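K.L.:
The residues making up each chain are set out below.
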Amino acid sequence: MKELRLMKGNEALAEAAIRAGADAYFGYPITPQSEIIEYLMAENPEERTGMVVLQAESEVAAINMVYGAAGCGKRAITSSSSPGISLKQEGLSYIAGAELPCVVVNVVRAGPGLGTIQPSQSDYFQAVKGGGHGDYKMIVLAPATVQESVDYVKLAFELAFKYRNPIMILSDGIIGQMMEKVELFEQQPRLTEEFEWATVGKKPNKDSVIVTSLQLQSEEQEKVNLRLQAKYREIEKNEVLYESYKCEDAEYLFTAFGSCARITRKAMEMAREKGIKVGLLRPQTLYPFPVDAYRNLAGQLKGILTVEMNAGQMVEDVRLAVNGQTKVEHFGRFGGMIPSPEEILNALEQKIIGG
Amino acid sequence: MNEEIIIAGFGGQGVLSMGQILCYSGVMQDKEVSWMPSYGPEMRGGTANCTAIISDEPISSPVLNTFDTAIVLNQPSMDKFEDAVKPGGLLIYEENGMTRKPKRTDINICSIAAYDESVKMKNTKVFNMIVIGGFLKVKPIIELENVIKGLKKVLPDRYHHMIPLNEEAIKKGMNLIKEENKLN
Chain A
1 MKELRLMKGN EALAEAAIRA GADAYFGYPI TPQSEIIEYL MAENPEERTG
51 MVVLQAESEV AAINMVYGAA GCGKRAITSS SSPGISLKQE GLSYIAGAEL
101 PCVVVNVVRA GPGLGTIQPS QSDYFQAVKG GGHGDYKMIV LAPATVQESV
151 DYVKLAFELA FKYRNPIMIL SDGIIGQMME KVELFEQQPR LTEEFEWATV
201 GKKPNKDSVI VTSLQLQSEE QEKVNLRLQA KYREIEKNEV LYESYKCEDA
251 EYLFTAFGSC ARITRKAMEM AREKGIKVGL LRPQTLYPFP VDAYRNLAGQ
301 LKGILTVEMN AGQMVEDVRL AVNGQTKVEH FGRFGGMIPS PEEILNALEQ
351 KIIGG
Chain B
1 MNEEIIIAGF GGQGVLSMGQ ILCYSGVMQD KEVSWMPSYG PEMRGGTANC
51 TAIISDEPIS SPVLNTFDTA IVLNQPSMDK FEDAVKPGGL LIYEENGMTR
101 KPKRTDINIC SIAAYDESVK MKNTKVFNMI VIGGFLKVKP IIELENVIKG
151 LKKVLPDRYH HMIPLNEEAI KKGMNLIKEE NKLN
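Note that the protein sequences, when read in sequence, are chains A and B. For the first sequence, our numbering gives the first residue as 1, with consecutive numbering after it. For the second sequence, our numbering gives the first residue as 1, with consecutive numbering after it.
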């Protein structure tokens, strides 16, 4: 039976991790996502499903515990906020290189450095363009509601095991802290499957399994890179998710992800009331990016405004997607400031319609 | 119906839980709701506020700069949010501890002596429920029966014996609220 509850984004996400049949959560507290580990500690899922919840001694330790659990073919998840996610980058690169599945949640706050605890989207580049070293990609899911925070945990585990790849849920302080109605999915069983690639003890009649991201021979490393790239092309073909509102007759387009997309939707409604034919395209996966969705719309548009809580990051991917076919400008607030629908509408009128 | 409310006061006055109770009550009445707290450093020992939206339609932005209703429980909150009430909107303030009256003339203004009443009721914890009662008298967007259902969801089981007292507090608040400025 499905249940309707009023929950905070962080708490709902934590409950979703238990229900998705996760084997382990490793994390370290940081505002604005500490409710995830608090909820898990209070809920004690070890009694419900046998799921392990552990507060590690640091973010670096937590991601390497995830690496270990993933190497054993277990469903492992960690969460943090921006400065903590920076600390996890080495581990993420190793996990991507070793081709292991895991889920990483980033409830973004403003930076650089320790920055502030208020919401931001300034980790877009870090999430989408690598973050750690080496030519790797993570599927990046961007929830805009508490409901999506829940649904994407389940989806993230499915994708992680489908592609044996780290998956990031890129949330932010607004989605993490706000309460909304949420429908929780039923408890999923924990994994019982023993994967060929997992290190669960050598069988007498089988070769030992080695999980590593180290290839000393260039020829071998290039093979790994080619295999990874082929996997990323598959992901780009199969896993794009986006939502569009009122794009059919649109002459202008707003585009935004996560919490910013909700505020922008309000600006779109205000613009429509003024008779401006504007639509909204909301990427739900930031990698793979919905390139075709922009490309298909570009011909009918007089301009696109990206709205982001950063100094202009996704705008670069939108420009690449439309490849000069239409004007693309950016409007952003940063440092934990949240744009108002009024200033977004004003930016559309100044930068796109009047510009 | 789309009601955008800011509730602000000192930490410990029950500001955040007022918003949660209103939202849970909204859920009980089949409304769309969103609740967004201030979680900044000001929460620690200073002012706290939350935005509660109760609507017939899906809610776009959970973060707002202007509001249909501001419920302010101390002077710093009135100073901060009086100007954020939309023209024609509603400002409710708790009399105790205010050093000045609101200045706006283009909004409806009500006051409530909730703290004094809670002292009379010998339980200052129901202070925020008296204020909710006052709000629901002026804007009856949620039925009392659904507020009680909402309370059952918000309060842990061990506090359910307090629900009749909370119901009484809401009814007291409904009688207590005073109109200070009413627009035609």
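Note that these hints are calculated values from the structure, not bench results. Computed from a predicted structure; not experimentally measured. Even for Gly, the Cβ is constructed at its ideal location relative to N, Cα and C. Hints may be right or wrong, so weigh each one.
Claimed, not checked - For lysine-lysine, the following DSBU-like pairs were computed, each having C-alpha atoms within a straight-line distance of at most 35 Å: (1) A:K154 with B:K122; (2) B:K101 with B:K86; (3) B:K80 with A:K266; (4) A:K327 with A:K202; (5) B:K153 with A:K277; (6) B:K137 with A:K181; (7) A:K206 with A:K277; (8) A:K351 with B:K153; (9) A:K181 with A:K202; (10) B:K122 with A:K266; (11) B:K153 with A:K154; (12) B:K178 with A:K203; (13) A:K181 with A:K223; (14) B:K80 with B:K182; (15) A:K266 with B:K153; (16) A:K277 with A:K202; (17) B:K182 with B:K101; (18) A:K237 with B:K182; (19) A:K327 with A:K223; (20) B:K178 with B:K152; (21) B:K80 with A:K274; (22) B:K103 with B:K152; (23) B:K86 with A:K302; (24) A:K181 with B:K86; (25) B:K178 with A:K274; (26) A:K274 with B:K152; (27) A:K181 with B:K153; (28) B:K122 with B:K80; (29) A:K154 with B:K103; (30) A:K246 with B:K178; (31) A:K274 with B:K125; (32) B:K139 with A:K274; (33) A:K137 with A:K274; (34) B:K120 with A:K266.
Claimed, not checked - Quick look at which bits of chain A chain B covers, simulated, 3 or more residues with Cβ under 8 Å: (35) 82 to 88; (36) 193 to 206; (37) 259 to 271.
K.L.:
Each hint needs a verdict: does it hold in this structure or not?
P.N.:
Against the structure, the hints come out as follows:
1. Taking the CA atoms of A:K154 and B:K122, the gap is about 49 Å. The hint is violated against a cut of 35 Å.
2. Taking the CA atoms of B:K101 and B:K86, the gap is near 18 Å; set against the 35 Å cutoff, the hint holds.
3. Proposed proximity of B:K80 and A:K266 is supported: the alpha carbons are some 24 Å apart, at most 35 Å.
4. For a cut-off of 35 Å, the pair hint linking A:K327 to A:K202 is broken: about 58 Å separates their Cα positions.
5. The hinted pair formed by B:K153 and A:K277 fails the criterion: a straight-line CA distance of about 43 Å is larger than 35 Å.
6. With a C-alpha separation of about 25 Å, the suggested pairing of B:K137 with A:K181 holds against the 35 Å cut-off.
7. For the suggested pair A:K206 and A:K277, the alpha carbons sit about 64 Å apart, so the restraint of at most 35 Å is broken.
8. Between A:K351 and B:K153 the CA atoms are separated by roughly 47 Å; this puts the pair beyond 35 Å, and the hint is violated.
9. Proximity of A:K181 to A:K202 is assessed by CA-CA distance (about 47 Å); at most 35 Å being required, the pair is judged violated.
10. Between B:K122 and A:K266 the alpha-carbon distance is near 45 Å, which puts this suggested pair outside the 35 Å criterion.
11. In summary, the hint linking B:K153 to A:K154 is supported, as the alpha carbons are separated by about 26 Å, within the 35 Å threshold.
12. With a C-alpha separation of about 79 Å, the suggested pairing of B:K178 with A:K203 is violated against the 35 Å cut-off.
13. Taking the CA atoms of A:K181 and A:K223, the gap is near 47 Å; set against the 35 Å cutoff, the hint is violated.
14. In summary, the hint linking B:K80 to B:K182 is supported, as the alpha carbons are separated by about 22 Å, within the 35 Å threshold.
15. At most 35 Å may separate the alpha-carbon atoms for a hinted pair to count; A:K266 and B:K153 meet this at roughly 30 Å.
16. Annotation: proposed proximity of A:K277 to A:K202 is violated, straight-line Cα distance about 63 Å (limit 35 Å).
17. With a C-alpha separation of about 15 Å, the suggested pairing of B:K182 with B:K101 holds against the 35 Å cut-off.
18. A threshold of 35 Å between alpha carbons decides the hint, and for A:K237 with B:K182 the separation of about 60 Å lies outside it, so the pair is violated.
19. Under the criterion of a C-alpha separation no larger than 35 Å, the hint pairing A:K327 with A:K223 is inconsistent with the structure, at around 40 Å.
20. In summary, the hint linking B:K178 to B:K152 is supported, as the alpha carbons are separated by about 29 Å, within the 35 Å threshold.
21. About 30 Å separates the Cα atoms of B:K80 and A:K274, which keeps this hinted pair within 35 Å; it holds.
22. Taken as a hint, the B:K103 and B:K152 pair is broken in the structure, with Cα atoms around 38 Å apart against an allowance of 35 Å.
23. Our distance criterion of 35 Å between C-alpha atoms is met by B:K86 and A:K302, whose separation comes to about 34 Å.
24. Simply put, A:K181 and B:K86 have alpha-carbon atoms about 26 Å apart, close enough for the 35 Å limit, and the pair holds.
25. Distance check on the hinted pair: B:K178 and A:K274 sit about 38 Å apart at the alpha-carbon level, beyond 35 Å; violated.
26. Taking the CA atoms of A:K274 and B:K152, the gap is near 43 Å; set against the 35 Å cutoff, the hint is violated.
27. Distance hint between A:K181 and B:K153 is fulfilled; the C-alpha atoms sit about 13 Å from each other, no more than 35 Å.
28. A distance of roughly 31 Å separates the Cα atoms of B:K122 and B:K80; the hinted pair therefore holds under the 35 Å criterion.
29. For the hint linking A:K154 to B:K103, the alpha-carbon distance of about 52 Å lies beyond 35 Å, and the restraint is violated.
30. Distance hint between A:K246 and B:K178 is unfulfilled; the C-alpha atoms sit about 45 Å from each other, more than 35 Å.
31. Restraint check for A:K274 and B:K125: not satisfied, since their Cα atoms lie roughly 47 Å apart, outside the 35 Å limit.
32. Taken as a hint, the B:K139 and A:K274 pair is honoured in the structure, with Cα atoms around 29 Å apart against an allowance of 35 Å.
33. Taking the CA atoms of A:K137 and A:K274, the gap is near 41 Å; set against the 35 Å cutoff, the hint is violated.
34. As the CA atoms of B:K120 and A:K266 are separated by approximately 45 Å, the hinted pair breaks the 35 Å bound.
35. Figure legend: the stretch 82 to 88 of chain A, annotated as covered by chain B; annotation inconsistent (0 residues with Cβ-Cβ distances under 8 Å, at least 3 required).
36. Interface restraint, the stretch 193 to 206 of chain A with chain B: violated (0 residues with C-beta to C-beta distance below 8 Å; minimum three).
37. With 6 residues bearing a CB less than 8 Å from a CB of chain B, the stretch 259 to 271 of chain A meets the requirement of three and the coverage assertion stands.
In the structure shown, a violation is registered for the earlier hints numbered 1, 4, 5, 7, 8, 9, 10, 12, 13, 16, 18, 19, 22, 25, 26, 29, 30, 31, 33, 34, 35 and 36, in ascending order.
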